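Could you build the full structure based on these sequences and the hints that come with them?
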Amino acid sequence: MADLLVILVSAIFVNNFVLARFLGICPFLGVSKKVETALGMGMAVTFVMTVAMVVTWFVQYFVLIPFGIEYLQTIAFILVIASLVQLVEMVIQKVSPVLYQSLGIFLPLITTNCAVLGLAVLSIQKDYTFLESVVFAIGAALGFTLALVLFAGLRERLELCAVPQSFRGTAIALVTAGLLSLAFMGFAGLVKG
Amino acid sequence: MSQQLYLSSSPHIHSGETTSKVMHAVIYSLLPACGVAVYFFGPSALSVLLIATLGCLATEVVCQRLMGQPVTIADGSAAITGILLALNLPPSSPWWLTLLGAVIAIAIGKQVYGGLGSNPFNPALVARVVLLISFPVQMTTWSAPAPLGSGLDLVTTATPLGAWKNAVMLTGQMPSDLPGSTADYFLGNMPGCIGEVSALALLLGAAYLFYRRILTWHIPTAFIGTVILLSGLFWLIDPAKYPNPVFHLVTGGLILGAFYMATDMVTTPVSTRGMLLFGVGCGLLTVLIRLFGGYPEGVSFAILLMNAATPLIDRYTRPKTFGTPGQEVVR
Amino acid sequence: MLAAILSLGCIGMIAAIALGFAAKKFAVYVDPRELAILEALPGANCGACGFPGCAGYAKALVAGSIDLNQCPPGGADVVAKLAHILGFEASAAAREIAVVLCQGDNRKAQLKYHYLGLEDCTAAQRIADGPKVCPGGCLGLASCQRVCPFDAIEMTADGLAVISREKCTGCRKCIAVCPRKVIRMTPSEATVHVLCNSHDKGALVRKYCQIGCIGCNICLKTVPDAYKIENFLAEVVYEHDAEANEALPKCPTKCIRDFATGYPEGSTQLLASASSMTGRQK
Amino acid sequence: MKLKTFTGGIHPPDNKQWSSHKAIEDCPLPAEFVVPLAQHIGAPSVACVEVGQRVARGQEIGSAKGFVSVPMHAPTSGEVIAVENRPHPWGTSLPAVVIRPDGEDRWSTELQPADPSELTPDEIVERVRLAGVVGMGGAAFPAHVKMSPPPEKQIHTLIFNGIECEPYLTADHRMMLEEPERILQGVALLQYVLGAERVVIGIEANKPDAIALLKKHCLETPVEVMSLEVKYPQGAEKQLIAAVTGLEVPSGGLPMDIGVAVHNVSTAAAITDAVLHGRPLIERVCTVTGPAIREPKNLRIRIGTPLSHLVEVCGGLIEAPGKIILGGPMMGFTQLGFDVPATRGTSGLLLLRTEDVALHAESPCIRCARCVQACPIKLLPTTIAAYARRDLLAETAEYCVMDCIECGSCSYVCPATIPLVQAIRYGKAAILAKKRSSQI
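Chains as they are written, first to last, in numbering that gives the first Met the number 0: chain A, 0 to 192; chain B, 0 to 330; chain C, 0 to 281; chain D, 0 to 439.
Since the hints were derived computationally from the structure, they do not count as laboratory data. Predicted, not measured: the structure shown is a model, and the values here were computed from it. No residue lacks a Cβ here, since even glycine has one placed at the ideal position from N, Cα and C. One thing to keep in mind: the hints can contain errors.
[What the hints assert, rightly or not] Facing chain D, according to a computed beta carbon distance under 8 Å, are these residues of chain C, among others:
id, residue
1, 111
2, 112
3, 116
4, 117
5, 119
6, 121
7, 122
8, 126
9, 127
10, 128
[What the hints assert, rightly or not] Straight-line C-alpha distance at most 30 Å; calculated BS3-like pairs for lysine-lysine:
id, chain 1, residue 1, chain 2, residue 2
11, D, 3, D, 21
12, A, 32, D, 427
13, C, 58, D, 214
14, D, 1, D, 214
15, D, 427, C, 111
16, C, 166, A, 32
17, D, 427, A, 33
18, A, 33, D, 21
19, D, 21, D, 214
[Stated by the list, open to error] Residues of chain A placed beyond 10 Å of chain D at every Cβ, according to the derived structure:
id, residue
20, 19
21, 32
22, 36
23, 45
24, 49
25, 65
26, 94
27, 125
28, 126
29, 133
30, 158
31, 159
32, 161
33, 163
34, 169
35, 173
Here you go:
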């Protein structure tokens with residue numbers, strides 16, 4: 000139980016996917032202009048990460064290892080994750096237009112996101128059990144959401160600031176992301192994860 | 000006659016308080032702490048103070064010139080950043096480190112965001128954290144104080160918090176011989192950053208700011224209160240391992256942070272509840288990092304992290320508008 | 000090797016079948032024309048069409064509830080493309096650009112009072128009808144400049160808005176925001192304009208502005224077809240303005256300007272090229 | 000004992016020493032009266048006299064148009080010399096009736112005194128309406144509208160506003176000192192009409208003489224004289240209600256929604272005149288003050304007196320003024336010159352020297368939150384202003400811009416001297432314009 004907590008805290012704060020591992024930077028910069036959309040994106044990522052983790056774990060231990068083809072891990076994971084996300088998107092669009100409006104538009108963005116793939120690869124590397132993998136996925140996703148929402152808040156505020164012309168937009172966003180990452184380094188050593 | 004007339008929208012009178020008056024008051028309030036630092040650490044502290052302040056002013060001028068904006072160093076905000084940065088550096092900082100810090104603080108911490116009022120993070124803390132991560136050796140080389148006239152030389156030693164952390168890392172126990180007494184810590188007779196050594200001088204300055212109504216009680220109280228409560232809790236659980244709350248209070252940068260860094264208006268929430276929340280957050284993170292983190296001192300990181308959360312805090316702690324029922328409107 | 004090919008192939012096959020099945024089973028129809036139109040539009044999301052962004056305009060076009068020529072930034076090119084997509088013949092919308100009908104900057108036109116407060120024309124206009132004596136002149140507080148999505152408006156050092164003839168796309172946002180209605184849409188080929196917006200009598204205009212139209216009728220007498228005068232204010236008749244510039248040297252207050260020869264005084268904008276400015280096709 | 004008040008607010012120097020000790024003087028008649036037809040909130044009245052017509056003092060010269068409107072009356076007897084657009088304190092030229100006095104100052108014979116004990120509440124309200132009485136605190140909202148709430152909104156508390164929290168102004172203060180009977184008669188009439196159980200006269204603690212005097216007069220009556228903490232904007236309707244009763248007028252609502260009605264003490268005096276003597280509202284007390292005027296005074300002026308005449312009566316100017324303000328310095332309107340007339344809402348004429356005009360250049364917001372602390376409505380003025388200035392109307396509206404009472408507290412305390420109130424007004428106007436255009 001304590002192990003699971005360590006994994007969770009480590010994934011959220013200490014080894015935050017965005018701010019410490021620098022994974023998933025594309026949606027971090029792309030979908031962080033408004034807090035609402037950032038929250039939506041965070042939920043979408045949480046959902047996809049958890050589902051992808053489950054599927055890739057099974058692929059790893061029931062397909063790749065039995066057949067001795069672990070070297071195809073990356074390709075196999077991309078294949079599985081991409082089609083999974085596509086599938087989920089289509090289903091949501093048809094079944095629940097309301098949910099699709101709030102969540103669905105983000106799904107294509109995460110299809111082959113490095114954060115999702117990185118999560119799968121990392122948890123296999125660390126030899127996590129199934130349960131640990133799922134907790135790790137949730138922690139990573141929550142960390143991603145936290146970073147995204149914090150960042151979106153900052154960017155909303157920057158909209159009202161007199162940022163010099165040459166720094167507007169992505170430039171200042173990257174500077175801010177850097178500083179946010181610096182602040183997160185304060186968590187270093189908090190837990191050994 | 001109408002040529003001389005001024006017309007404007009109401010109101011037509013003003014309190015007379017201006018940004019530069021506020022900034023200058025903050026500078027005055029920091030002078031006692033600077034004085035104590037120079038007394039205990041001698042010329043090296045003075046040079047760090049001067050280099051940091053002048054460096055900040057110069058960087059501000061260069062940035063504003065480059066961007067074709069009016070130069071506004073007279074408002075005193077850059078000087079405050081410089082002084083606060085110096086107060087957050089070890090007295091033995093080499094000149095290039097101090098200067099680099101000044102440039103980072105103003106250029107990256109402030110001017111790229113559009114100057115005064117736009118920066119989301121406290122510029123002095125941005126610089127301190129960048130330096131701490133980039134130059135850990137220089138930034139953690141501390142000198143024991145050598146009061147003017149005592150004839151002592153500056154000797155390298157560890158800060159009380161650092162000594163505690165080392166001992167706990169090695170033995171899991173509180174060290175038996177922490178340097179100095181609580182009274183020493185309070186007066187400033189201990190190794191540490193230039194500005195964090197004398198709680199007394201900082202409190203004097205803060206009292207002046209309270210008198211001028213530039214500081215409100217919310218953030219310092221919530222910050223320090225949380226630190227005392229939480230560290231007290233751990234102390235009660237295991238006094239052999241965790242230091243008592245007073246130790247937390249007077250060593251390290253808590254007083255400096257709580258009264259001067261966490262109350263930087265630009266980077267903190269505007270509503271009362273927001274300020275309290277901000278202070279509590281700072282306190283929590285400070286204790287967590289101090290007791291369990293890799294760094295012996297967590298005040299800077301805690302404040303920066305809460306700076307990052309400020310827009311969200313502002314958003315969710317809007318005061319209840321007069322005449323609206325119950326819960327405030329949250330988007 | 001075989002295992003690798005087979006297992007990956009199987010995974011791929013399963014995914015493909017699932018996706019194919021889902022695509023059929025869960026299909027949601029989106030009009031392909033809508034996507035094509037969105038592609039063709041400039042994508043500035045300026046809102047000049049009156050819809051929230053280009054996507055909204057595209058939807059409305061497909062629904063057939065709106066004309067093709069509602070996108071000024073796109074100009075004739077886009078109209079042609081849209082017509083092609085929707086199967087119409089193009090009815091080219093004439094390109095119009097906005098012109099500030101005033102040259103009375105803070106040096107040439109008198110002020111009523113010193114204005115203190117918000118740097119915004121609408122806000123200033125609410126205080127005793129604005130700080131300029133002239134009831135129609137440019138207030139110079141840059142409301143139009145801030146609202147222009149194309150960075151086409153320059154404020155001179157003496158507080159006069161000047162619109163770039165190259166950058167203006169005719170989106171009319173400045174017209175909507177100007178509290179004095181001193182900006183007007185004109186045919187883009189017309190270069191001669193009477194730059195005054197005051198309907199006051201000549202004697203009064205002379206008192207407060209050095210460069211205002213005093214309604215003296217000289218331009219009308221010089222080139223009768225090209226001008227008309229209403230309420231002491233001359234105006235170019237853009238349908239017959241071929242010889243309008245002949246009145247220029249006669250105008251006693253120099254309130255008529257031919258943009259082919261340059262922008263109003265104080266503007267740092269230069270004519271992009273002589274050919275594009277003087278190229279009045281006949 | 001801690002005095003009651005509201006939360007938020009500011010403490011500007013009150014500067015009432017210029018005129019608070021000066022007894023009210025009758026202002027001599029000017030050479031010409033300009034009576035604007037729009038002087039109140041609501042529909043302007045319509046001129047019902049012609050050029051050349053002789054009018055008597057108190058005769059109707061503009062008739063009300065609609066329920067939220069009041070008639071206008073001749074301030075003195077004389078000849079109508081013009082009905083045309085004249086400069087108006089609101090900043091533009093608006094229709095006005097111009098009257099040249101004949102010096103006789105003859106009352107109209109149509110005015111009938113009445114015994115209030117024989118009048119029904121409806122008849123009293125009608126007499127108030129015919130007399131054109133409006134709120135005299137500054138907003139000039141027709142009084143009869145406030146006196147006839149819909150039947151489902153029973154008024155339980157009636158508050159009289161003797162706060163006069165605007166710096167410099169002393170007109171209400173002098174009224175309370177010199178004419179307490181007139182005020183209290185009006186108080187009794189209003190209580191009778193509205194049937195309120197509780198009647199409170201709220202006065203700020205900086206007018207101890209007025210508090211003592213009114214307390215003495217109210218000894219035998221159910222009227223309660225309440226001393227309130229000195230704080231601006233205590234005199235704002237919603238803030239006064241909060242201070243006295245602890246109730247909050249709902250956002251977008253009216254005091255009558257929570258069973259409260261607020262009237263100015265001077266309005267009460269005007270109601271007395273209207274009901275007892277049938278006299279319309281043609282005069283009011285106005286404080287002429289400020290560092291640029293030679294002799295600050297409290298003047299009883301006729302409505303329509305040009306400001307230039309007031310300046311003359313007060314000994315002229317010491318120097319050319321930097322700002323001419325109608326009303327108080329916190330919410331008054333600057334004027335282009337002295338050719339505009341005083342209206343029913345003119346509580347003061349304040350003349351500032353050029354050196355008194357706050358000329359600080361605006362600097363960036365440092366988020367010091369003073370505006371947030373000062374706002375009596377608990378808004379975030381700096382945030383609203385920032386959104387409004389960028390024309391982000393949805394966000395502006397969401398931060399409750401429409402609840403702003405434009406008291407000016409935020410601008411007063413802002414160390415960056417940002418024109419917060421003006422930006423908020425701008426945002427409000429833009430939102431209203433958008434609403435209107437979407438309705439059409």
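Right, here's what the structure says about each hint:
For residue 111 of chain C, the interface hint holds, since its Cβ comes within 8 Å of a Cβ in chain D; the closest pair sits about 6 Å apart. For residue 112 of chain C, the shortest C-beta to C-beta distance to chain D is roughly 6 Å, which falls under 8 Å, so the interface hint holds. Because the beta carbon of residue 116 of chain C sits about 4 Å from the nearest beta carbon in chain D, less than 8 Å, this interface hint is met. This hint holds: residue 117 of chain C has a C-beta 5 Å from the nearest C-beta of chain D, less than the 8 Å allowed.
The interface hint given for residue 119 of chain C holds, since its Cβ lies 6 Å from the closest Cβ of chain D, which is under the 8 Å cut-off. The restraint placing residue 121 of chain C at the interface with chain D holds, with a minimum CB-CB distance near 6 Å, inside the 8 Å limit. The beta carbon of residue 122 of chain C is positioned within 8 Å of a beta carbon in chain D (closest approach about 5 Å), and the interface hint is therefore held. The criterion of a C-beta within 8 Å of any C-beta in chain D is met by residue 126 of chain C, whose closest approach is roughly 6 Å, and the hint holds.
Annotation: residue 127 of chain C was flagged as interfacial toward chain D, and the flag holds, the nearest CB pair being 4 Å apart, inside 8 Å. The interface hint given for residue 128 of chain C holds, since its Cβ lies 5 Å from the closest Cβ of chain D, which is under the 8 Å cut-off. Of the pairs offered as hints, the one joining residue 3 of chain D and residue 21 of chain D holds, with about 29 Å between alpha carbons and a cut-off of 30 Å not exceeded. Taken as a hint, the residue 32 of chain A and residue 427 of chain D pair is honoured in the structure, with Cα atoms around 26 Å apart against an allowance of 30 Å.
Using a Cα cut-off of 30 Å, the hinted pair residue 58 of chain C and residue 214 of chain D is violated, with the two alpha carbons roughly 71 Å apart. Of the pairs offered as hints, the one joining residue 1 of chain D and residue 214 of chain D holds, with about 19 Å between alpha carbons and a cut-off of 30 Å not exceeded. For the hint linking residue 427 of chain D to residue 111 of chain C, the alpha-carbon distance of about 26 Å falls within 30 Å, and the restraint holds. Using a Cα cut-off of 30 Å, the hinted pair residue 166 of chain C and residue 32 of chain A holds, with the two alpha carbons roughly 28 Å apart.
Taken as a hint, the residue 427 of chain D and residue 33 of chain A pair is honoured in the structure, with Cα atoms around 24 Å apart against an allowance of 30 Å. A C-alpha spacing of about 59 Å is found between residue 33 of chain A and residue 21 of chain D, which places the hinted pair above 30 Å, so the restraint is violated. This hinted pair checks out: residue 21 of chain D and residue 214 of chain D have alpha carbons roughly 22 Å apart, not beyond 30 Å. No Cβ of chain D approaches the Cβ of residue 19 of chain A within 10 Å, the least distance being about 29 Å, so the stated non-interface status holds.
A cut-off of 10 Å between C-beta atoms confirms that residue 32 of chain A is not in contact with chain D; the least separation is 13 Å. Every beta carbon of chain D lies more than 10 Å from that of residue 36 of chain A, the smallest distance being close to 15 Å; the non-interface claim holds. Separation of residue 45 of chain A from chain D is adequate, the least Cβ-Cβ distance of about 27 Å exceeding the 10 Å criterion. At roughly 34 Å from the closest C-beta of chain D, the C-beta of residue 49 of chain A stays outside 10 Å, upholding its exclusion from the interface.
Interface exclusion of residue 65 of chain A from chain D stands, the closest Cβ pair being 57 Å apart, more than 10 Å. Chain D leaves residue 94 of chain A outside its interface by the beta-carbon criterion, the shortest separation being 31 Å against a cut-off of 10 Å. Chain D leaves residue 125 of chain A outside its interface by the beta-carbon criterion, the shortest separation being 43 Å against a cut-off of 10 Å. For residue 126 of chain A, the requirement that its beta carbon stay farther than 10 Å from each beta carbon of chain D is met, with the minimum near 49 Å.
Even its closest Cβ contact with chain D, about 39 Å, leaves residue 133 of chain A beyond 10 Å, as expected for a residue assigned away from the interface. With a minimum CB-CB distance of about 8 Å to chain D, residue 158 of chain A fails to clear the 10 Å threshold, and the non-interface call is violated. At the 10 Å boundary, the C-beta of residue 159 of chain A falls inside the reach of chain D, the nearest C-beta of that chain being 5 Å off. With a minimum CB-CB distance of about 7 Å to chain D, residue 161 of chain A fails to clear the 10 Å threshold, and the non-interface call is violated.
Against chain D, the non-interface label of residue 163 of chain A holds: every CB pair exceeds 10 Å, the least being about 13 Å. Once the 10 Å rule is applied to beta carbons, residue 169 of chain A is consistent with being away from chain D; the minimum gap is 20 Å. The beta carbon of residue 173 of chain A is kept farther than 10 Å from every beta carbon of chain D, the shortest such distance being approximately 23 Å.
Hints 13, 18, 30, 31, 32 from the list above are not met by this structure, while the remaining hints are.
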